[in-house]
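S.K.: So the protein sequences, as listed, match chains P and X.
Quick note on the working numbering: the first sequence kicks off at 1 and runs consecutively.
Quick note on the working numbering: the second sequence kicks off at 1 and runs consecutively.
Rather than coming from a laboratory, the hints here were simulated on the basis of the structure.
Some clues are possibly wrong.
Restraint ranges, calculated between C-beta atoms of paired labels, are given here [said to hold, decoys possible]:
hint	chain 1	residue 1	chain 2	residue 2	range
1	P	F185	X	E41	47 to 57 Å
2	X	K42	P	L104	51 to 61 Å
3	X	E41	P	L108	24 to 34 Å
4	P	I94	X	T49	19 to 29 Å
5	X	V84	P	K65	58 to 68 Å
6	X	Y104	P	L121	51 to 61 Å
7	X	S37	P	I94	20 to 30 Å
8	X	Q35	P	N99	30 to 40 Å
9	X	L98	P	G63	52 to 62 Å
10	X	Y104	P	Q73	48 to 58 Å
11	X	S37	P	L108	39 to 49 Å
For each residue, glycine too, the CB sits at the ideal point set by N, CA and C.
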Amino acid sequence: MLRIVLNKKPAFWALLCLPGLLMMRPFWSGDAIAMDMLHPTGEWSARFMIFAMILSPSLSLLGPKPWLAWLIQRRRALGVAAFGYAVLHLIFYIIDMGNMEDMLAEFLALGIWTGWAAMLLFVPLALTSNDASMRYLKAGWKKLQQLVYPSAVLVLVHWIFIHNNLGPALVHFIPLVLLVAARYFLPLKTRFKGV
Amino acid sequence: MRLPTILIAAAAATVALSAVPASATGVITCKAGPQSSWKGEKALTDKLTKEGWTVRKAKVDGGCYEVYGTTPEGDRVEAYFHPVTLEKLYVGRRGEVLFRKKGY
C-alpha cells in the first residue's frame, strides 16, 4: 500500500517541495530576511539540476538498476524542481535588491550575469518538460535539453563568484564532472546511450 | 581509472572540501584583538543609521563588522567596519569596489 502511494507522481512532487517548505519557515516567522533566502534557494536549485544530470551517466556506469529506472522516470520533475527553486531564488533576489537601479548597477559582475544567463537557459528547459513538448519536438527535444550543460557551467561560475569561495560549489559539482567525464573517457562494461 | 577509484576520489574530494571553513569571505580582514574590546554591533548600526544608512543586516566576517545595506548616497552595498574604532574600511557592491581604506 505504502509502495503504491510512494510511487505516485504527486508523492514525488511533494518530496521535491519539502526542502522549500522547510527553508521558508524562518522567512515566514521573520527570523530570516530575503537576503538570507538566497543561499538555500540557489543551493537547492543547483542540487536538483545536478541530481537530474547524474542519472544518465550513472546508468552508463552501473547498468540498469530498478532504483535508477525509477529516478529516470522522474528526471523531468527533478529538472522542473531545479527551475522552481531558481525562480524562488530570483524572486528573493528582486525582493532583496528592491529596485531596478541597484540590480543594473551590479549586472555586469561575473557572479551576477552568469546567474541571469543560467536562469534564461532554464526557461526553455522547464517549459518543454512535458509529454506534449516531447512529442512535438521529437529528436529536437534532446538537443534542446542539452542546454542544461552550458547552464550548469554558468551556475558553477555564478556560485563561485557570488560566494568568493570555491569549496561549497565544488563539493556539488565535482561528482557531476567526474561522472560525466567517466561516461566519455572510460571503457564501460555496459554502455547505455540514448537516455 | 575504474569506477570504484572514481567514487573514492569523489568522496575524498567532497570530504576535503567540506572541511574548508565557509565563514570568512576574505574581502577584508581586521586584526582587532579580542572581542571583549570591540564596540557592540548595535553601536555601529546606530551610528550608521544616524549618518543616513539603511542597515539590512550586520554580522562579523574576517574579524570585522560586515554590513549589508544602503549608503546615504543610495547605493546598495556590502561594507566593512573596524570593530574597535568603527572606522569604515571597505564599501563595495558585487563586482565593484567603491571605497577601500589604504592598507586594507
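S.K.: All hints, please: hold or fail.
M.R.: Here's how the hints hold up against the structure:
Distance hint for F185/P and E41/X: a CB-CB separation of about 52 Å, consistent with the stated range 47 to 57 Å. Hint check: K42/X to L104/P, Cβ distance near 33 Å, so the stated range 51 to 61 Å is violated. One distance hint, 24 to 34 Å for the beta-carbon pair E41/X and L108/P, holds here, with the actual separation near 32 Å. About 25 Å separates the C-beta atoms of I94/P and T49/X, a value consistent with the hinted range of 19 to 29 Å.
One distance hint, 58 to 68 Å for the beta-carbon pair V84/X and K65/P, holds here, with the actual separation near 60 Å. In this structure the supplied range 51 to 61 Å is violated for Y104/X paired with L121/P, their Cβ-Cβ distance being about 38 Å. Here the CB-CB span from S37/X to I94/P is close to 40 Å, at odds with the stated 20 to 30 Å. About 36 Å separates the C-beta atoms of Q35/X and N99/P, a value consistent with the hinted range of 30 to 40 Å.
The supplied range of 52 to 62 Å is met by L98/X and G63/P, whose beta-carbon atoms lie about 56 Å from each other. Between Y104/X and Q73/P the CB atoms are about 55 Å apart, so this pair conforms to the stated range of 48 to 58 Å. Between S37/X and L108/P the Cβ separation comes to about 40 Å, which falls inside the hinted range of 39 to 49 Å.
In this structure, the earlier hints numbered 2, 6 and 7 are contradicted, and the remaining ones agree with it.
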